[in-house]
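S.K.: Residue-level listing of the chains:
There are 2 protein chains.
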Amino acid sequence: MSEKIYVFGHKNPDTDSICSSMVMEKFDKNLGLDVEAKRLGNVNKETQFVLDYLGLEAPDLLQKVEEEQRVVLVDHNEFDQSVEGIENAVIENVVDHHRIANFQTKTPLYYRAEPVGCTATILYKKFKEENMTIDKKEAILMLSAIISDTLLLKSPTTTDDDRKALEELAKIAEIDVNTYGIEMLKAGTNLDDFTEEELINLDAKRSEKDGKKFVIAQVNTVSIPDVLKRKENIERAIEKEIENNDLQLFIFAITDILNSNTQIIALGKETQVAEKGFEKALEDNMMFLEGVVSRKKQILPVIDKNM
Amino acid sequence: MSEKIYVFGHKNPDTDSICSSMVMEKFDKNLGLDVEAKRLGNVNKETQFVLDYLGLEAPDLLQKVEEEQRVVLVDHNEFDQSVEGIENAVIENVVDHHRIANFQTKTPLYYRAEPVGCTATILYKKFKEENMTIDKKEAILMLSAIISDTLLLKSPTTTDDDRKALEELAKIAEIDVNTYGIEMLKAGTNLDDFTEEELINLDAKRSEKDGKKFVIAQVNTVSIPDVLKRKENIERAIEKEIENNDLQLFIFAITDILNSNTQIIALGKETQVAEKGFEKALEDNMMFLEGVVSRKKQILPVIDKNM
Chain A
1 MSEKIYVFGH
11 KNPDTDSICS
21 SMVMEKFDKN
31 LGLDVEAKRL
41 GNVNKETQFV
51 LDYLGLEAPD
61 LLQKVEEEQR
71 VVLVDHNEFD
81 QSVEGIENAV
91 IENVVDHHRI
101 ANFQTKTPLY
111 YRAEPVGCTA
121 TILYKKFKEE
131 NMTIDKKEAI
141 LMLSAIISDT
151 LLLKSPTTTD
161 DDRKALEELA
171 KIAEIDVNTY
181 GIEMLKAGTN
191 LDDFTEEELI
201 NLDAKRSEKD
211 GKKFVIAQVN
221 TVSIPDVLKR
231 KENIERAIEK
241 EIENNDLQLF
251 IFAITDILNS
261 NTQIIALGKE
271 TQVAEKGFEK
281 ALEDNMMFLE
291 GVVSRKKQIL
301 PVIDKNM
Chain B
308 MSEKIYVFGH
318 KNPDTDSICS
328 SMVMEKFDKN
338 LGLDVEAKRL
348 GNVNKETQFV
358 LDYLGLEAPD
368 LLQKVEEEQR
378 VVLVDHNEFD
388 QSVEGIENAV
398 IENVVDHHRI
408 ANFQTKTPLY
418 YRAEPVGCTA
428 TILYKKFKEE
438 NMTIDKKEAI
448 LMLSAIISDT
458 LLLKSPTTTD
468 DDRKALEELA
478 KIAEIDVNTY
488 GIEMLKAGTN
498 LDDFTEEELI
508 NLDAKRSEKD
518 GKKFVIAQVN
528 TVSIPDVLKR
538 KENIERAIEK
548 EIENNDLQLF
558 IFAITDILNS
568 NTQIIALGKE
578 TQVAEKGFEK
588 ALEDNMMFLE
598 GVVSRKKQIL
608 PVIDKNM
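In order, the protein sequence lines correspond to chains A and B.
Numbering-wise (my numbering), the first sequence opens with residue 1 and increments by one.
Numbering-wise (my numbering), the second sequence opens with residue 308 and increments by one.
Hints are computed from structural coordinates only; laboratory data are not their basis.
Glycine included, each C-beta is placed from N, C-alpha and C at the ideal position.
Possibly wrong hints are sitting among the right ones.
[Claimed, not checked] If you want the footprint, here are the derived chain B segments under chain A, 3+ residues with CB under 8 Å:
id : segment
1  : 354–368
2  : 602–614
[Said to hold, decoys possible] Far from chain B, by Cβ distances over 10 Å, these chain A residues were calculated:
id : residue
3  : Leu51
4  : Lys64
5  : Lys106
6  : Tyr110
7  : Glu129
8  : Lys154
9  : Thr189
10 : Lys209
11 : Asp210
12 : Glu232
13 : Gln248
14 : Leu267
15 : Ala281
This is chain A alone, in the form it adopts within the complex (with noise of 0.2 Å):
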């Protein structure tokens, strides 16, 4: 077995993936193991203002394991989220907050998962369990996490644990929360560098229910007529898309970050889908859907049901 152990999160990285692999390379190197954190994609533009904030370099990049290399996953745990070559890696620990799926190990292992909103609120428990110093740096990339994950609090998928573990981060931070999640956020919702194709591939996620095909993708922002300035070209770049992949619906979610509220923009056949669900109706292909900031807990479940 090799010497080293990789901490890394999900491809994709965010920023609870990036964060959490640093914060838990300190937790293992306290417990004396040769740890390294790595990532296994581009550092995002929030994630490189919590870095620039710290006055720290990223991770490395890491592009496959070879066999037998010893792993530690924070943040995911599915083959397909993780690195080339895990299925013959040696993964001896995994801390995440998703389900479980499409996962195995030969040995038995270190796992510790909770339905929490963000994997860095576990890490933060770990800390306390073992009685481990937090300093400030290691409180920021935590509090950073947890911001991103949760929206500032305000995602459903928020839970007490995270509320607290913010809070008392926040404390040996000294940091006010609010200032620095706000233009956290902000950093990470700078769209213009990317074309009308990029943005509705950000973070698309493609489901079917009874042989229909439909995306919901979402980005985040600060401001949504920013982004509907363009929403000629963005209508024109999901027409294709639709097109290329005999979709039946796509809907382009434009979530205000600050205020909890989304645009959606709907396209395709089965535009009815969303308005039978949301009870409202579309104008200009557009709804405005009021609180609404969670995909995964208060948009899919609504197309799907009503798909």
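Following the hints, put chain B in place on chain A, whose structure we already have.
M.R.: Positioned in the frame of chain A, the structure of chain B alone reads:
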């Protein structure tokens, strides 16, 4: 969803599966949950010794679960070792010390696994983390499970965590662990009352690799020759089991718990897997494995790797 949550260990329950489900019931009740321990099969003699010692009844038998039944698994995770209907149950929590395989959920959950010798050792840590009082009854349930799974700390699966837990639980229980432990282990090794069909199913773990099904069953004894007196009938029972369940390999491990050795009987189309894995020829379908006592650490990985 159902009201009551069921907690149970694996099929063919051993002392850890029964005792840990009873202790987990207590733990979850302390958290205010409406839980009830269940068992997935007959109570073995060793476990009955523990229950008699404490004047307790075994949990009720659970034969299958309805869709959406809320469940907590202890001491196992693989669906083929679990209750009928587990695929459509809502698994809310798992506490286990085995590898993870043939397991998946639709939603996020609590999962706590550690590569220690016994589930009860993890439960002991959970009580400590939550600052919950452990009373004498729970202490004896937990220490019995640890003695059983680690063969009084002699199995190579034993970790420092198990040693520490056993030591501290013995203090709470005010019990001499060696005297109690040997009595308990002996109570479990009287195999005379069992038919050969029962013997090979007393503690049988089913597994699958690349579509090939195999079983590794284990019995503990203080005299291997005593068990081998029934070899012919045991082999006949195994052959029937292989035919009825379309198995590629059946390994029956007879473990001498006083001297820490194992005699295996291997039958099926894939017996060469055992020969290759242990680098030893089968003679008369048998192979003597010196120093081998742990199915999980010393037998299953060898078979799984070579299957």
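S.K.: All hints, please: hold or fail.
M.R.: Hints, verified against the model:
1. Counting residues of the segment 354–368 of chain B whose CB falls under 8 Å from any CB of chain A gives 0; the rule of at least 3 is not met.
2. Given a C-beta distance limit of less than 8 Å, the hint that chain A covers the segment 602–614 of chain B holds, as 4 residues qualify and 3 suffice.
3. With 10 Å as the threshold on Cβ separation, the claim that Leu51(A) sits away from chain B holds: the shortest Cβ distance comes to roughly 27 Å.
4. With 10 Å as the threshold on Cβ separation, the claim that Lys64(A) sits away from chain B holds: the shortest Cβ distance comes to roughly 22 Å.
5. A cut-off of 10 Å between C-beta atoms contradicts the statement that Lys106(A) is not in contact with chain B; the least separation is 6 Å.
6. A beta-carbon of chain B is positioned within 10 Å of the beta-carbon of Tyr110(A); the least distance is around 5 Å.
7. Separation of Glu129(A) from chain B is inadequate, the least Cβ-Cβ distance of about 5 Å not exceeding the 10 Å criterion.
8. Every CB of chain B is more than 10 Å from the CB of Lys154(A) (nearest about 19 Å), matching its label as outside the interface.
9. At roughly 26 Å from the closest C-beta of chain B, the C-beta of Thr189(A) stays outside 10 Å, upholding its exclusion from the interface.
10. Against the 10 Å criterion, Lys209(A) stays outside the reach of chain B, whose nearest CB is about 15 Å from its own CB.
11. With a minimum CB-CB distance of about 19 Å to chain B, Asp210(A) clears the 10 Å threshold, and the non-interface call stands.
12. The Cβ of Glu232(A) sits about 39 Å from the closest Cβ of chain B, beyond the 10 Å cut-off, so the non-interface label holds.
13. With a least CB separation of 24 Å from chain B, Gln248(A) remains clear of the 10 Å interface cut-off, as annotated.
14. Once the 10 Å rule is applied to beta carbons, Leu267(A) is consistent with being away from chain B; the minimum gap is 29 Å.
15. Every beta carbon of chain B lies more than 10 Å from that of Ala281(A), the smallest distance being close to 33 Å; the non-interface claim holds.
In terms of the numbered hints stated before, the structure departs from hints 1, 5, 6, 7, listed from lowest to highest.
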